[in-house]
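> Sequence:
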Amino acid sequence: MCSVQHIQHCSVSFYRSDSLIAYNIAIFINGYFNMIILIRRESLRFISFITLLIISTASDAGVYVGLNVAQIPVKTDVASTKPLVADVRLGYALDAHKVEVGFMSSINDDNLNELVTDITSATSILYRYTANPKSSFKVDLILGYSQIDIETSYIQVDDFTETYEGVSFGIGFEESLRSLPQLKFKFDAMQLYRGDDLNINYFALGMRYEF
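Sequential numbering of the sequence shown, starting at 1, is according to UniProt numbering.
Simulated from the structure, these hints should not be mistaken for laboratory data. You may find that some hints are simply not true.
[Claimed, not checked] Derived DSS-like pairs: lysine-lysine, alpha-carbon spacing no greater than 27 Å straight-line:
1. Lys-75 to Lys-186
2. Lys-98 to Lys-186
3. Lys-186 to Lys-134
Sequences are here, hints too, so could you generate the full structure?
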């Protein structure tokens, strides 16, 4: 049977033991929360770093406008005409990728044996991939979709307009000015439409300005 002194000694030992456990638990909890705070801090730093990296790599992003003068060869099995159009482009560039919309309007019609052909209007939605984005002389691969309205007239025949639409593809070349790198001079060669009886091509000289 324990004496009073022994019981008091046991109580003090248990108290010290409980205090030590509580102290260790407090240290563990404090360390745990400090670790959580550190992880959050490092996560925020990592997210900030990734954001800055994305912004820095997307430094070539921007809106641009372009203006081309284009010849549109319209070729059938029996004839070929080449009306001229003005082509205004609105687009957005991000590194090697560009998405643009083209709006074309007639400058001059063309005729062959009194068969007159004119491009009254045309619209294209195009994706351009630049194969060499770091070079001042760039090569673009072009893929998109076009809608072309062709007006045809002939002697003693009423004028009529037909609409052709389909997949467009081609290649483009572009050179930047050293003194003004935002201004680019370009040449595009494309097939706007290919059908069983009619092909519509596109050859354009123009310029593009990035904002």
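> Compare the structure with each hint and give your call.
Taking the hints in turn, this is what the structure says about them:
1. Lys-75 to Lys-186: Roughly 24 Å separates the two Cα atoms, so the pair holds.
2. Lys-98 to Lys-186: With a Cα-Cα distance of about 14 Å, the restraint between Lys-98 and Lys-186 holds, given a limit of 27 Å.
3. Lys-186 to Lys-134: This hinted pair holds, its Cα atoms lying about 16 Å apart.
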